[in-house]
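J.: Next come the chains, spelled out residue by residue.
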Amino acid sequence: MGFLTPLFLIGLAGLAVPILIHLTRQERGRPVRFPSLMFLEKIPFQETSKRRIRHWVLLIMRLAALALLVAAFARPFVREGRLAAVGGPGPEELVVLLDNSYSMEMGDSWERAVSEARSMIGALRPRDRASLIVFSETPQLVHRSIPELPRILATLDTLGTTSLATRFAPAVKLAASTLAASTLPRQRVVVISDFQRTAWSPDPDAQVAEGVVVETVVIEGGEIENLALTDLELGRQSAGGRDRVTVEARLVNTGESAASGEVTLAVDETDLETVTATVAPGGAEPVAFAPFTLTAQFTRGEVRLGEGGEGLLQDNTLSFVASPGGDLQVVVADPLGPGDSNLYLSGALDIAGGAGFDASVTRGLPGDDELSRSEVVILNGGPFPGGSEGDRLRAFVEDGGGLLMVLGERSSVPSVHQEFLPATIGAVSEGAMERRIGFVDYDHAIFEAFRGPRSGDFSQAVFYRTRLLTETDGQVLARFDDGTPALVEAQRGRGRVLVWASGLDRFWNSLPLQPIYLPFVHRVTRHLGGRGEVLPWHLAGSTVNLAGLAETAGSWEIPEGAVAMEPGGGSVPLDPDRPLLELDRRGIWEVRPPGQRPDHPLALAVNVDVSESDLTQMDVQAFAVSVGGTATASQTGPEAAGATEATVEIREEDHEKSQSFWRYLLAAAFLLMVSETMLSNGLSRHRVKEREEVTATV
Amino acid sequence: MATRSPAGHTSFLDPTVLARIDNLLLLARTVVDGFLQGIHRSPYLGVSMDFAEHRPYMPGDDIRRIDWRLFARTDRFYIKQFEAETNADVAFLFDMSASMGYGSGEVTKLDYGRFLTASLAYFSADQKDRVGLYAFDSDVVEHVRPSAAHLEKVLHAIARVQPRREGEWDRPLARVANTFRRRGIIVVVSDFYHDADELTSALGLFRAQGNDVVAFHILDPAEIDFPFVQAANFQDLETRELLPVVPEKYASVYRSEVRAHIDELGRGFIRHGVDYVLLNTAEPLDDALYAYLTFRQRTLRAPAGRPGAGR
Chain A
5 MGFLTPLFLI GLAGLAVPIL IHLTRQERGR PVRFPSLMFL EKIPFQETSK
55 RRIRHWVLLI MRLAALALLV AAFARPFVRE GRLAAVGGPG PEELVVLLDN
105 SYSMEMGDSW ERAVSEARSM IGALRPRDRA SLIVFSETPQ LVHRSIPELP
155 RILATLDTLG TTSLATRFAP AVKLAASTLA ASTLPRQRVV VISDFQRTAW
205 SPDPDAQVAE GVVVETVVIE GGEIENLALT DLELGRQSAG GRDRVTVEAR
255 LVNTGESAAS GEVTLAVDET DLETVTATVA PGGAEPVAFA PFTLTAQFTR
305 GEVRLGEGGE GLLQDNTLSF VASPGGDLQV VVADPLGPGD SNLYLSGALD
355 IAGGAGFDAS VTRGLPGDDE LSRSEVVILN GGPFPGGSEG DRLRAFVEDG
405 GGLLMVLGER SSVPSVHQEF LPATIGAVSE GAMERRIGFV DYDHAIFEAF
455 RGPRSGDFSQ AVFYRTRLLT ETDGQVLARF DDGTPALVEA QRGRGRVLVW
505 ASGLDRFWNS LPLQPIYLPF VHRVTRHLGG RGEVLPWHLA GSTVNLAGLA
555 ETAGSWEIPE GAVAMEPGGG SVPLDPDRPL LELDRRGIWE VRPPGQRPDH
605 PLALAVNVDV SESDLTQMDV QAFAVSVGGT ATASQTGPEA AGATEATVEI
655 REEDHEKSQS FWRYLLAAAF LLMVSETMLS NGLSRHRVKE REEVTATV
Chain B
-3 MATRSPAGHT SFLDPTVLAR IDNLLLLART VVDGFLQGIH RSPYLGVSMD
47 FAEHRPYMPG DDIRRIDWRL FARTDRFYIK QFEAETNADV AFLFDMSASM
97 GYGSGEVTKL DYGRFLTASL AYFSADQKDR VGLYAFDSDV VEHVRPSAAH
147 LEKVLHAIAR VQPRREGEWD RPLARVANTF RRRGIIVVVS DFYHDADELT
197 SALGLFRAQG NDVVAFHILD PAEIDFPFVQ AANFQDLETR ELLPVVPEKY
247 ASVYRSEVRA HIDELGRGFI RHGVDYVLLN TAEPLDDALY AYLTFRQRTL
297 RAPAGRPGAG R
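For the protein sequence lines, the chains are A and B, in the order given.
The first sequence: position 265 = 269 (the working numbering), numbered continuously.
The second sequence: position 145 = 141 (the working numbering), numbered continuously.
This is chain A alone, in the form it adopts within the complex (with noise of 0.2 Å):
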């Protein structure tokens, strides 16, 4: 027997206060008043009566109670005998953490990681607690620390895998956390995963506690080898108002001996073609089809890895949707026409000719017919035009058109238009001093594929000259590093006008050189030009805002009640208000009415991350160190839990918190308590009828 915290047990002297409260106040009434204490004074007795003590019944149980209060503060505990003996080490909590990424697909990887599971809680005893986690890129947690173990293991013939990559850090993270609840002695974590050397990068808030057992079972997929198809690229040509795209896949090898594949493309399920495709070892081969047309919206397609795709499965399809769009036509006004003036920006819409852009330069603004076939106006150092030009310009915009109006020298407003123009164009600012971009709004379309890191980096454009722009009811996109604005955005009507306050040519600035200069023009165009980024497809896991979607395909709009079709079947509802669809499966998903069949709805094409497809496993030993915990352990086996149940130290703190007698102490403690309260108002009660019957009687 033992105490936690004996030092609580000083508080036995506080068992001298009922007792002093017996004796000293035992009548706490009104006095009774009485004539004379003449002979009462004279018996003997008051001593007496003073020091005796009434109710022992009262005085034993307020004692006790006080003694089980301090017994539970200082924590008794039994180091041995029957209990300990009973308990053995102390019950366990376990948490069981199950990779269900899609390299579990590998061969039998997944039953066996399941089997793995199953024996873990099935060697569980009668006092253990167990939680199951599933994990990919998120974890999920199944169970939580329930101690009816044929749950979890009915729960393990319920469960997948997904579509998702794996990620180590978030399992963990969610695994300490419910262990950090529980009140068990010994904790244990047990990772069945394969171990993908991909997964884990040591995150310092992935740790378990000190103390806590961390066993790992690698689930052997076998040979590593696997062919996959990693990427995909569509180019576009357009050809007599048609578009035509050419789709390159890659595939890879990640196996140690050459390998070869068919390859077939496949669009609106109809098989195009199909390639065989021999790759290193480790290395990676181009697999290029011949162009096809794009005839309608939302054309589903699908490059699959037929023969030679053993391995794993979900990275052996790769799926797009695509849709004509047609070239951006824009025209290009630059007072000085075709020449050095316009250089970069000519070459950055016609580039390869690949771009999605008609471009055209003319020294003016166009005729009414050209104008209304354009759909993107750049004013390239010119003159925002005054009289009815700038009228026609004006209406171009508000009537869907967009507007970019690149500052120069000789840029200037007519005051009857400068109202229209989200900024006024001050003076040219020029001096030693060199500007550069301080401020980008990451979160709009033109700038948002900038955002990640190493996607491109404005600050390293140097800005020789630029027009001071004072923005009025604009949007500042950017701003120069002393604060004064770059790009400037307004809506009018239903078109864009934008104000850069600098050239888009090498004469004021060095944006041209820079690697950004290229998807800047690009995607500031597109954006006038109301086309939005429509990506062929997204990768699991994934989130995407469907009333985006639907904005930047054109003149798309989510159906009444339309819901989600999942791949495999399946539909998910979605909030008319909020679209968000979490695409967490590989295939094509569909957003239609639910029973409806339209012809190319809305369609969504989801890849996995091929990241999972590198099946080379990482060191499990660095693993289980870089998690945390006292005691680690590396299996691959059941045959783990015996081995690690040998190494823990039962501490005082185990036995106390296994045994944890303080509970039935307050709880008794509690009950003594009531008891009394009871008691003594029964005797209270019994008193004020006796002293009603006396004052009756007298």
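In short, the hints are calculated from the structure, not lab data.
Incorrect hints may appear among the rest.
[Stated by the list, open to error] Dumping the calculated SDA-like pairs for lysine to any residue here, alpha-carbon to alpha-carbon at most 20 Å:
1. A/661 / A/131
2. A/661 / A/188
3. A/661 / A/185
4. B/149 / B/138
5. B/124 / B/21
6. B/245 / A/60
7. B/245 / A/43
8. B/245 / A/59
9. B/76 / B/66
10. A/177 / A/205
11. B/245 / A/45
[Said to hold, decoys possible] If you anchor each label on the Cβ, the simulated ranges turn out as follows:
12. B/12 / A/18: 52 to 58 Å
13. A/25 / B/173: 53 to 59 Å
14. B/279 / A/37: 18 to 24 Å
[Claimed, not checked] Partner residues aside, some chain B positions facing chain A, computed with beta carbon under 8 Å:
15. 187
16. 228
17. 239
18. 241
19. 254
Please read all numbers here as calculations on a predicted model, not as lab measurements.
Idealized CB from N, CA, C, for every residue including glycine.
Given chain A, put chain B in place with the hints provided.
T.: Chain B in isolation, oriented as in the chain A frame:
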């Protein structure tokens, strides 16, 4: 007012009924007249008239009171004036100490003593005695000189007294001795919470000086029976002292102590020739009035200054 008691007697003497009468004179008259009617005795029982002096006849005087013999000798009308032969000074020593304020029922000891004193004063005045009052606690608080015309003053003084202070006997008795020089009757009304020997000796001195002394010992039933059950702190009404008491075990001891005190008082008063009457505030005033009546009869028969037989 004239309700019937269970015993069949009128309840004019019931203290709880009397407690509802505010006017002490009315109360005293009600008590005495009712009492005397109840016993069918003359209100002038034992009273005889003696010639005192003559005075010239005044128009309006009763001609029956003209001394015709003196007229024959002097040829003038003289009226004979008589004086009651027992005409005496009656001094009431009324204990108004705080302990007299105790009452377990409707009537406190002070109330009971007030009824008693008022009734006896009225009775005495009715018999042509001169009534006076000494109301005292630790000292004499109210003093009404004995006089035939001071009944109302006495009653007023009694009505005013409030039990507040601790009781004392030495100083009040000394003042009584200094002011009550004429032989007379001394009626003591008290709960006698004092040493019995000292009390009886002190009052015995008055007796030895030729006064007739009667002591009415007023006690509440709770003081005699001590019916308390629950342990409690008992507080002395005079000293405010608190004493934790467990009555259920020591009530009998208390009762025997009280009994011993009463016996000691009785023996002491008898020894000193003082009449002693124990009164219970729960009982009617009959005993007190009978006792006083008997006492007066005896004092009328015995020459003043001679100790009479005790009760």
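J.: Each of the hints needs a verdict: does it hold here or not?
T.: Hint check results:
1. For the hint linking residue 661 of chain A to residue 131 of chain A, the alpha-carbon distance of about 13 Å falls within 20 Å, and the restraint holds.
2. The suggested pairing of residue 661 of chain A with residue 188 of chain A holds, with an alpha-carbon distance near 7 Å, which does not exceed 20 Å.
3. A distance of roughly 13 Å separates the Cα atoms of residue 661 of chain A and residue 185 of chain A; the hinted pair therefore holds under the 20 Å criterion.
4. For the hint linking residue 149 of chain B to residue 138 of chain B, the alpha-carbon distance of about 10 Å falls within 20 Å, and the restraint holds.
5. The hinted pair formed by residue 124 of chain B and residue 21 of chain B meets the criterion: a straight-line CA distance of about 16 Å does not exceed 20 Å.
6. At roughly 18 Å between alpha-carbon atoms, residue 245 of chain B and residue 60 of chain A fall within 20 Å of each other, so this suggested pair holds.
7. In summary, the hint linking residue 245 of chain B to residue 43 of chain A is supported, as the alpha carbons are separated by about 15 Å, within the 20 Å threshold.
8. Between the alpha carbons of residue 245 of chain B and residue 59 of chain A the distance comes to roughly 16 Å, so the proposed pair stays at or under 20 Å and holds.
9. Proposed proximity of residue 76 of chain B and residue 66 of chain B is supported: the alpha carbons are some 10 Å apart, at most 20 Å.
10. Annotation: proposed proximity of residue 177 of chain A to residue 205 of chain A holds, straight-line Cα distance about 13 Å (limit 20 Å).
11. Pair hint residue 245 of chain B plus residue 45 of chain A holds up; C-alpha atoms about 15 Å apart against a cutoff of 20 Å.
12. For residue 12 of chain B and residue 18 of chain A, the Cβ-Cβ distance of about 54 Å falls inside the hinted range of 52 to 58 Å, so the restraint holds.
13. In this structure, residue 25 of chain A and residue 173 of chain B meet the distance hint of 53 to 59 Å, their C-beta atoms being roughly 54 Å apart.
14. A beta carbon spacing of about 22 Å between residue 279 of chain B and residue 37 of chain A agrees with the range 18 to 24 Å that was offered as a hint.
15. Taking 8 Å as the C-beta cut-off, the interface hint given for residue 187 of chain B holds, the closest approach to chain A being about 6 Å.
16. At its closest, the beta carbon of residue 228 of chain B sits 5 Å from a beta carbon of chain A; the interface hint therefore holds under the 8 Å criterion.
17. Hint status for residue 239 of chain B relative to chain A: holds, with the closest Cβ pair at about 5 Å, below 8 Å.
18. A cut of 8 Å between beta carbons decides the hint on residue 241 of chain B: the least distance to chain A is about 6 Å, and the hint holds.
19. With a cut of 8 Å, the hint placing residue 254 of chain B at the interface with chain A holds, because the nearest CB-to-CB distance is about 6 Å.
When held up to the earlier numbered hints, the structure conflicts with none and fits them all.
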